[in-house]
Amino acid sequence: MSGASALSVAEYRLRNMWKWKRAIIFYGLGGPFLYLASIGLGVGSLVNANGGGLDGVPYLTFLAPALLASAAIQGGQDEVTFPVLAGFVWQKLFFGMAATSLTPAQIANGVLLASVVRIIFTALAYWVVLWGFGAVTLASAVVLIPCAIFAGIAFATFMLWIAAKVRNDDGFFALVGRFVITPMFLFSGTFYPLQSLPLTVQWIGWLSPLWHATEMGRALSYGAGAQAPLFWLHALFLALMGGAGLLLAHRQFTRRLTA
Amino acid sequence: MIRASGLTKRYGEFTAVAGIDFAVARGESFGLLGPNGAGKSTTMRMISATTLRSGGDLRILDRDPDTHGPEVRAHLGVVPQEGNLDTELTCAENLYVYGRYFGLSRRFLRPKVDELLAFAQLEDKRDVKVDALSGGMKRRLTIARGLVNEPEILLLDEPTTGLDPQARHILWDRLFRLKEQGVTLVVTTHYMDEAEQLCDRLIVMDRGRIMAEGSPQTLISEYSSREVLELRYGTGRNAEVAAQLEGIGQRMEALPDRLLLYVDDGEAALEAVVGRGFHPIASLVRRSSLEDVFLRLTGRSLVDE
Ligand SMILES: Nc1ncnc2c1ncn2[C@@H]1O[C@H](COP(=O)(O)OP(=O)(O)OP(=O)(O)O)[C@@H](O)[C@H]1O
Ligand SMILES: [Mg+2]
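Residue numbers (the working numbering), protein chains in the order written: chain P, 1 to 259; chain Y, 1 to 305.
Some clues are possibly wrong.
[What the hints assert, rightly or not] As a list, the in silico DSSO-like pairs of lysine-lysine whose alpha-carbon atoms are at most 30 Å apart:
no., chain 1, residue 1, chain 2, residue 2
1, P, K21, Y, K179
2, Y, K112, Y, K179
3, Y, K112, P, K19
4, P, K165, Y, K179
5, P, K19, Y, K179
6, Y, K112, P, K165
7, Y, K138, Y, K125
Simulated from the structure, these hints should not be mistaken for lab results.
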């Protein structure tokens with residue numbers, strides 16, 4: 001009778017994701033393909049022609065860690081926002097789950113776990129495309145993929161908490177897209193080093209898991225500004241974000257499912 | 001099985017359940033009857049260990065649901081007032097997935113799902129998405145889902161609200177069968193006929209308090225007369241006539257649309273009324289019901305009219 005676990009929730013989420021497999025694969029592979037073909041090759045050829053790449057490497061190599069982490073982050077956040085809204089607001093599925101042997105924290109963990117699967121899939125798929133474009137070396141997989149996954153998980157736990165706070169979905173996704181995802185993508189040193197931005201907007205990058213993961217990825221893959229203390233600071237930021245996010249998510253799930 | 005004393009639930013300043021006491025024995029079918037907002041669902045959610053109580057004591061199967069939630073819930077089946085089936089999954093998937101939440105094995109669940117689909121008469125809808133089911137079918141599936149862990153206690157919050165009479169009778173039949181198998185039932189409803197059909201014993205709730213407790217028959221004989229004479233004189237005249245009928249029967253309720261006379265012999269009372277020269281537009285003699293008990297206890301109708 002016992003033995004209820006977060007795994008059963010993850011199993012359910014994966015079952016549900018499977019129904020969307022085409023869309024997930026399309027975004028997982030098609031997105032990066034288009035992106036790299038347009039920005040990577042187009043902008044890249046300009047940058048490379050002008051100054052021989054950026055940061056001492058070809059533009060695509062500079063871009064790769066950021067694009068990879070960004071994809072992992074977006075894939076992960078899809079799986080913690082829509083399902084959580086369905087769980088608390090649309091279909092109220094979590095209230096059904098809360099009437100079983102599951103605890104609210106297990107429900108949260110299960111959703112997160114399934115998003116981790118999506119994050120890993122996305123990171124792997126994206127890396128393959130990057131490799132196909134010659135943006136990364138085979139050896140870089142060992143460092144770039146874990147960095148992207150790490151950032152994806154850190155952000156997913158944070159969004160798990162935020163999504164669990166939403167009472168009605170009026171414009172929630174539009175707000176997240178406009179004020180979180182897009183600025184994060186644009187101000188995280190994705191397309192050029194963050195240091196080229198004035199300090200007034202640089203802080204956005206400091207708060208962004210994408211920037212931290214990108215810096216880690218660049219340091220590890222081609223040794224950009226490789227300073228050990230800084231590297232660990234980036235890692236610490238992501239770990240703290242993930243840890244705090246999970247704790248807050250547990251608290252919020254418990255509050256809402258026992259009120 | 002269930003023992004509540006001084007059970008209380010507050011939402012901020014508002015008290016939804018105001019210190020109620022009751023107990024439910026094994027195999028019993030227990031009802032919570034009351035109008036909208038009485039606190040029935042809130043009480044159910046406390047019993048189902050999905051909301052923490054604000055005061056008093058509650059024991060389910062000798063455990064405190066607030067501190068032993070998962071353990072308690074493992075033995076309960078819950079059919080909530082608002083359905084929360086996964087509309088994107090099929091009937092069979094809904095049952096299977098829900099069983100997994102209880103930690104049940106695939107091997108146990110495979111035959112169980114078929115058994116429950118048969119119970120809910122949904123075998124031919126096995127692989128149909130819940131989206132495509134009628135309201136009655138969804139309700140039956142929700143009840144079947146509540147049985148996936150073979151619960152000792154089944155909690156049903158307004159199981160037949162919104163169903164047509166035929167669907168209600170099918171459901172009642174299913175619930176009788178469960179009761180015969182020894183499952184303890186706790187049912188909330190604001191239908192008096194449902195309460196009379198399903199419940200061995202019930203409490204009548206209003207505004208978070210218990211107004212009365214007993215079997216449907218005892219409540220009726222305790223709080224009402226044997227028969228009720230309903231008289232209609234047209235909306236304008238009811239109140240005026242009411243004043244002239246004093247002395248006939250034990251009690252009278254003057255509702256806007258009709259007068260209710262509580263009497264032992266309806267026909268005799270009607271003769272007496274006509275004898276005083278008040279010929280009603282329409283009259284009806286019927287047995288007393290829980291509706292009359294409720295009217296007596298609260299001065300209000302059970303179902304909002
Ligand atoms: N989560 C909540 N927050 C605030 N108030 C609540 C909450 N849930 C219920 N209430 C209030 O508590 C009271 C009792 O509600 P409850 O749902 O228990 O009534 P009920 O007897 O089930 O009514 P109905 O027949 O309409 O289902 C109502 O006044 C309701 O507004
Ligand atoms: Mg209710």
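Q. For this structure, which hints from the list above don't hold up?
A. Violated hints (numbers, rising): 1, 4, 5, 6; every other hint is consistent with the structure.
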